[in-house]
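A.B. asks: What follows is each chain in one-letter form.
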Amino acid sequence: MVNLSVNAFRNRDVVSVKDFSRDELDALFKTASDVEANPGDYRDVFPDKRVALLFSEPSTRTYGSFEASATNLGCKILSNRDPAATSFAKGETLHDTIRMIESYDTDCIVMRDKRWGSSRYAAEVTELPVISGGSGSREHPTQAMLDLYTILKRRGRLDNVKLAFVGDLRYGRTCSSLSYGLGKYDGVELVFVAPPILQVRREVEIHLQQVGVPYTKTSNLGEAIEDMDVLYVTRVQKERFPDPTDFERIRGSYVVDMELVRRGKPGLGVMHPLPRVDELSPEIDRTEHCWYFEQAANGIPIRTALLYLVLGD
Amino acid sequence: MENQLLVRKIDHGTVIDHIPAWRAENVLKLLDLEKIRGMPDVSLVSLNNVLSKKYGRKDVIKLNHYHLEEGDADLVCLVFPMVSVNYIEDWEPTKYKPRVPERVLGRIRCPEVSCITNSPREPIVSTFSVLREFNALQCEYCDSLLDFSEMPNYVKTT
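These protein sequence lines map, in sequence, to chains Z and F. Using numbering that gives the first Met the number 0, read the first sequence as starting at 0 and increasing by one per residue. Using numbering that gives the first Met the number 0, read the second sequence as starting at 0 and increasing by one per residue.
It is possible that some hints are incorrect.
Stated by the list, open to error - Partial pick of chain F residues on the chain Z-facing surface, computed with a CB cut under 7 Å:
# : residue
1 : 115
2 : 141
3 : 144
Note that these hints are calculated values from the structure, not bench results. Don't be surprised by glycine CBs; every beta carbon is placed ideally from N, CA and C.
The shape of chain F in the complex, shown without the other chains (with noise of 0.2 Å):
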């Protein structure tokens, strides 16, 4: 009952189900919010510790009328596994099958505050192998390592 009044279906979108519950705004962080925020049609709903039968308790959000990159779905599931991402078409959903990237470009910031990634006016991409077995980024600059669960704290913001 309580999900039925909190939770509607969207006809054309991305869901991001079953994020740890109170944690939607790491996952927030991870998607390109300056890109969908000028997009006119796109709506966001981000729904917190809202009853799940699986997880007892979860956060879902909804992106009305976009459509998540892939990569940003690989990166999102990264940091939380248990996540699933489902694409809804003409109500309909598809769930996406993510896969573990290799390396990640661009999205992160390096930690250590004097790689050369961080440096101003370089033209140079930030980019982390991914130690999937350490839970974490590795800076293949530096070798600073970045874990899973904090890489909300370091996304770049475009």
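Here chain Z stands alone, though its shape is the one from the complex (with noise of 0.2 Å):
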């Protein structure tokens, strides 16, 4: 099991991956790097305790890993698996929600609801931790908290990378929060590749203003690929185009394929939160420039190692 000399996620929210410092996420991966190396030294570990998952909006692979995380854990699960059945749906305030969980004997809250900056307010309202599994568009810190895992365990380490996101970065939360997280790290250089409508917001310009990281807006997916470590792919969306002939026009100009990704460095690597539609060929998975299943499977270590932190001594 991994010796921390100190805990800094003891009893701690995680609303946004601009909360922590770089050392913190360092010692948050070398736990997850133990839970894959020792997985038998975190099953069952907290029997007595118990992990709310508060998700009032659709979800597979978030609710999915942290249930399993928390169940590998020995935690019992407090669930509204069915947002329709629940207080939710009757109209009951977030604030009432969280102090009747809080009275359920509960030891930490991992939510998703659709209304912005909800985790941040549910983080004031309660004593206990809360984790955010995504809230509106802005955030999603442990899908941050994965890629940059993910980015490190293929290239040794997270300092001097550049990455370009590619598609819909103005309502996808994972370009802001993978933004957040490498800008914690040094040398790093970003590029945001979208359709001017689809670009990314500029609170997220603005801090990476704040925090010195350099970046380049463009449209041009091809210019773009030739320097990158990483490429992040998301989908653009039709339903984000107020003229649906405006998103037939450029709708190939993000589609990521060999073709393209032969253009890029030798060790480009291809990333995807997933699911994908088309933007992303499958002629790339079996290629070493898919990174993206292992994407999504980093997401148990991940937070299996996260919620053994906030839980724990």
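Dock the two chains into a complex; use the hints.
C.D. replies: Below, the structure is given as structure tokens:
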């Protein structure tokens, strides 16, 4: 079992990756690595802990991996798997829901709610640690943590990484969260590749300026890919375009296939938060560029490590 | 001569001066007018596009028998940095030195409709960090940005 001199995650809220230092993230990754190497050390260690999974929005991957992680640790689960059958549907305030969950002998709340900023609010309402499973369209901190962990495992380091985000950078929370996470490391360069109406949001740009991370914005994926270490792909959705013909005109420009990947560096890694539709070609799946399946699998060690540290001593 | 006819001095109250011409309406939005309306001894005069030695033309708001709260004065100065606020006591003005607040609580609505602070019945107060170098407020819950110039459009009515 990993030995940390200080557990900075104990009883801690996980609402934004911005709230954590580089050292704290490194400690999380060290623990996640140990979870992978020695899974038995983490099996059933918290039989007296209860984790509440409050998801008022549909989720398969995030919910599933938190449920699996908590179960592996031996925790009891309190769940509202069917949001329509819960007090949310009856119009209860989030405040009251959180206070009720608190009283059910709960030790930690993992939540996803469509209202932006709801995790931050829930963390204020309760003394219990609150972990965001993605609230609104702003952030998805544990996704960023597993994304960082993936890059670390593949490259050996996070410093000096050059990463291009592609696709819907305006409404996709993975872009903003991972940008905030990479901003903790040295020598990082970011490129945001998107049609103008889906470009990165201004508050992300402001944050990167505040922490001194250089970045560029472009709509030309073919040019952007040449110098990159990592390509992070998200889907451009037709519904985001007021005029559907605009979508049809640009959709092919943001598809990632082997022809595009060959224009990049030999060791280029391709990531995607999944699920994918047609923006990421299956021909990449069996190549060394495919990082996305391992990325998805890293959700278990990261979320297990996170729960272990948050619930632990 | 024009200003002598239009701009009378007040003996006690607040003068908000050097408002950009035709922008007094936006300053009024930032004031707690509901509270002011409830005070029978208070009178308010709003002057538009009067002569200004400094700026050519300006707007002025005079609140007779009303001391504008310093927090509101700070908000006005955040949106309109050239504005000056004077407190009048026995006909004598004292210039108020505005402070740039670090945070703005409760007075401004988050521009993001889906923000938890806009949820009805939640016991939550809107909270913004002031990003002075970017001329914007940032919601501390959802990270949404609100340019200073847009603040008058998002004032919460009491």
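A.B. asks: Could you run down the list of hints and mark each one as holding or not?
C.D. replies: Hint-by-hint comparison with the structure:
Using the Cβ-Cβ criterion of 7 Å, the hint placing residue 115/F at the interface with chain Z is satisfied: the shortest such distance is roughly 4 Å. Here the hint on residue 141/F is kept, as its CB sits about 4 Å from the closest CB of chain Z, short of 7 Å. For residue 144/F, the shortest C-beta to C-beta distance to chain Z is roughly 5 Å, which falls under 7 Å, so the interface hint holds.
Violated hints: none; the structure is consistent with every hint.
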